[in-house]
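Asks: Sequence:
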Amino acid sequence: MNHIVVVGAGYAGVLAANRLAKVAGLSVTVVNPRPDFVERIRLHQYATGSGPATRPLSKLLRRNVELRLGKVESIAERSVLLDDGTAIDFDYLVYAVGSHVDRRPNTYNVGALEDADRLGSRLDELTAGAQVVVVGGGLTGVETAAEIAEQFPELDVHLASDSVAGWLPAATRDYVAGTLSELGVTIHEATTITQVDADGVRTASGATIASDATVWAGSFTVPALARRSGLLVDDLGRLRTDESLVSLSNPRIVGVGDAVAPPVSVAGHLRMSCQSAMPLGVHGAATVAALVRGRSPQPVSIGMFGQCVSLGRRAGFMQFTRTDDTPTRFAVKRRIGTMTKELVCRFTVVGLRGRTVTSWRPAGPKVAAKEVTVGV
Numbered sequence: 001m002n003h004i005v006v007v008g009a010g011y012a013g014v015l016a017a018n019r020l021a022k023v024a025g026l027s028v029t030v031v032n033p034r035p036d037f038v039e040r041i042r043l044h045q046y047a048t049g050s051g052p053a054t055r056p057l058s059k060l061l062r063r064n065v066e067l068r069l070g071k072v073e074s075i076a077e078r079s080v081l082l083d084d085g086t087a088i089d090f091d092y093l094v095y096a097v098g099s100h101v102d103r104r105p106n107t108y109n110v111g112a113l114e115d116a117d118r119l120g121s122r123l124d125e126l127t128a129g130a131q132v133v134v135v136g137g138g139l140t141g142v143e144t145a146a147e148i149a150e151q152f153p154e155l156d157v158h159l160a161s162d163s164v165a166g167w168l169p170a171a172t173r174d175y176v177a178g179t180l181s182e183l184g185v186t187i188h189e190a191t192t193i194t195q196v197d198a199d200g201v202r203t204a205s206g207a208t209i210a211s212d213a214t215v216w217a218g219s220f221t222v223p224a225l226a227r228r229s230g231l232l233v234d235d236l237g238r239l240r241t242d243e244s245l246v247s248l249s250n251p252r253i254v255g256v257g258d259a260v261a262p263p264v265s266v267a268g269h270l271r272m273s274c275q276s277a278m279p280l281g282v283h284g285a286a287t288v289a290a291l292v293r294g295r296s297p298q299p300v301s302i303g304m305f306g307q308c309v310s311l312g313r314r315a316g317f318m319q320f321t322r323t324d325d326t327p328t329r330f331a332v333k334r335r336i337g338t339m340t341k342e343l344v345c346r347f348t349v350v351g352l353r354g355r356t357v358t359s360w361r362p363a364g365p366k367v368a369a370k371e372v373t374v375g376v
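According to the UniProt record's numbering, the sequence shown holds residues 1 to 376 in order.
There's no promise every hint is true.
[To be verified] Dumping the calculated EDC-like pairs for lysine to aspartate or glutamate here, alpha-carbon to alpha-carbon at most 20 Å:
1. K71 with D89
2. K22 with E66
3. K71 with E125
4. K71 with D36
5. K333 with E182
Calculated from the structure, these hints are not laboratory results.
Sequences and hints are given; from them, build the entire structure.
Replies: Listed below in structure tokens is the structure:
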């Protein structure tokens with residue numbers, strides 16, 4: 001029997017493990033630092049006390065998947081070394097370590113459960129009139145600023161960025177700005193933050209914005225495990241793979257999720273998100289199954305479909321996109337947008353059990369003609 005070790009239990013790792021657990025002749029072990037699955041797309045809610053963001057992995061993983069609690073320190077050719085000094089042998093390994101916000105001194109963030117805990121504790125300490133500055137106008141920054149402003153109306157919330165939702169069509173940007181304004185968020189657009197101090201942030205123009213709590217919502221980075229293990233990585237530290245997600249360093253390692261870097265030709269349009277992670281997890285499982293059977297795995301082909309954003313608990317939007325993730329003119333907003341976002345969040349958890357995510361839009365212009373289906 002072939003033993004498969006899955007490193008990481010995020011969106012991609014859990015789904016890959018559950019898919020592989022259904023394949024005859026395989027035993028699957030998941031290695032994860034905690035016994036819970038973290039819904040990262042809900043961490044801004046968790047930090048502000050508006051909702052939970054964890055679920056027991058025992059409820060999500062199939063019964064025949066073994067969960068081993070621990071942190072992988074290094075990966076060898078056929079084994080992994082854990083932080084407690086023990087080693088686990090594998091026939092194939094699924095690298096699914098995920099990503100986190102690029103942490104900065106004097107800041108808080110919602111990139112991981114511990115980070116959200118720390119932010120939540122700080123928000124609870126602040127008194128009326130205290131100023132919170134969220135740095136970053138992307139999805140995370142917009143969602144976090146809106147959630148804090150709604151749940152802590154006594155705080156003075158600011159959002160600073162070069163652009164706020166600048167990639168979206170004008171009508172959607174206007175909706176975002178209007179909703180943030182209604183929530184009491186002060187927007188500092190065309191503002192580059194160059195320094196974060198304990199009591200404020202400094203802009204490129206030399207101005208200072210006072211802050212009692214600065215939330216950094218910048219770019220994501222990945223754990224250093226692949227680099228530390230001597231595997232081939234890109235400039236961000238993501239595991240480099242071929243088009244079928246097989247590591248370029250070790251043919252027994254398959255990469256899935258945020259911490260993988262397939263060729264630009266098949267994955268250049270994929271952003272770090274559960275929308276990418278889940279089909280990558282399914283495809284990675286199919287690749288492992290093919291390798292076990294001595295077959296050639298298929299190249300990955302994933303098309304994006306939209307961007308779901310919450311603006312507090314009563315507003316939000318779903319911006320539909322082309323397969324390359326560029327936005328179309330169509331978006332669902334307001335209450336329907338809020339309901340859509342919530343349904344998407346719930347569907348991802350249902351999909352993790354491996355019963356629903358079997359196909360997705362392929363990359364390329366002719367998405368209406370077919371779907372990609374993975375038989376694992």
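Asks: Has the given pair, K71 with E125, been kept, meaning a C-alpha gap of at most 20 Å?
Replies: The given pair, whose Cα atoms are some 32 Å apart, is violated under the 20 Å limit.
Asks: Going straight from one Cα to the other, do K333 and E182 come out at no more than 20 Å?
Replies: holds (15 Å)
Asks: Given the hinted pair K71 and D89, is their Cα-Cα distance within 20 Å?
Replies: holds (15 Å)
Asks: Is the hinted pair K22 and E66 satisfied, with a Cα-Cα distance of at most 20 Å?
Replies: Answer holds: K22 to E66 is near 13 Å, not above 20 Å.
Asks: Going straight from one Cα to the other, do K71 and D36 come out at no more than 20 Å?
Replies: holds (14 Å)
Taken one by one, the earlier hints fail for this structure only at number 3.
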